[in-house]
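For the record, the sequence lines run as chains R and Y.
Heads up: the first sequence begins at 898 in the numbering used here, then just goes up one per residue.
Heads up: the second sequence begins at 3 in the numbering used here, then just goes up one per residue.
I should point out that these hints are in silico values taken from the structure, not numbers from a laboratory.
One thing to keep in mind: the hints can contain errors.
To be verified - Taking lysine to any residue and the SDA-like style, the derived pairs with C-alpha atoms no more than 20 Å apart in a straight line are:
#: 1; chain 1: R; residue 1: 948; chain 2: Y; residue 2: 97
#: 2; chain 1: Y; residue 1: 71; chain 2: Y; residue 2: 102
#: 3; chain 1: R; residue 1: 941; chain 2: Y; residue 2: 4
#: 4; chain 1: Y; residue 1: 5; chain 2: Y; residue 2: 44
#: 5; chain 1: R; residue 1: 959; chain 2: Y; residue 2: 97
#: 6; chain 1: Y; residue 1: 54; chain 2: R; residue 2: 1001
#: 7; chain 1: R; residue 1: 941; chain 2: Y; residue 2: 44
All figures in this text were calculated on a predicted structure; none of them were measured in a lab.
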Amino acid sequence: NAGVMQNPRHLVRRRGQEARLRCSPMKGHSHVYWYRQLPEEGLKFMVYLQKENIIDESGMPKERFSAEFPKEGPSILRIQQVVRGDSAAYFCASSPNSGRQVHGYTFGSGTRLTVV
Amino acid sequence: DAKTTQPPSMDCAEGRAANLPCNHSTISGNEYVYWYRQIHSQGPQYIIHGLKNNETNEMASLIITEDRKSSTLILPHATLRDTAVYYCIARGGADGLTFGKGTHLIIQP
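For reference, chain R alone in the conformation it holds in the complex (with noise of 0.2 Å):
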């Protein structure tokens, strides 16, 4: 039983460019929900996301940043017009209902973002 995968584990950009952020959930799980780790920093929630729903997006920035989880597929965190400051290690969890009622998430390896 594979557990959150997340693709690419490393992904280097040029500033202006677009980050893609790939995570696949457990089997059997329809809750994902995205962390930021700045460098020398604890985790900071981002987005809680169901199947083609966004639950709550309230530590995500307001501009650049969008995240989805479609039906079928992976869900995508997404940057747009990367800058310096969003070099960061991207983390992904899951569980199989709603984060209210879950005391433990299983975390994904993280994507490590640099922008050059």
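Got chain R sorted already, so can you dock chain Y onto it with the hints?
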């Protein structure tokens, strides 16, 4: 979610018990205490959680004070592979988890 306070770093000898403290003096009645750890370059790993009773699982024990203002995570026989950053989180009804800077636990051979 209530604010938590942890020491930035701790050392522990291999084979000994590692006791990691966490202060959450403003925790409210419906907030659970969670512990996660992050081994270098990996995603966080869930360890244990509790509300007011002490809890134990195959990884660790969680001791919560009677007034719930603080807790201690205990790794009974630390190994080198337990070297990681340990996060204590107080969480109520929020969808996401709020991670602080955690405690960097270093297990010494």
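Results for each hint:
no.	hint	verdict
1	948/R - 97/Y	holds (16 Å)
2	71/Y - 102/Y	holds (17 Å)
3	941/R - 4/Y	holds (15 Å)
4	5/Y - 44/Y	violated (24 Å)
5	959/R - 97/Y	holds (19 Å)
6	54/Y - 1001/R	holds (17 Å)
7	941/R - 44/Y	holds (15 Å)
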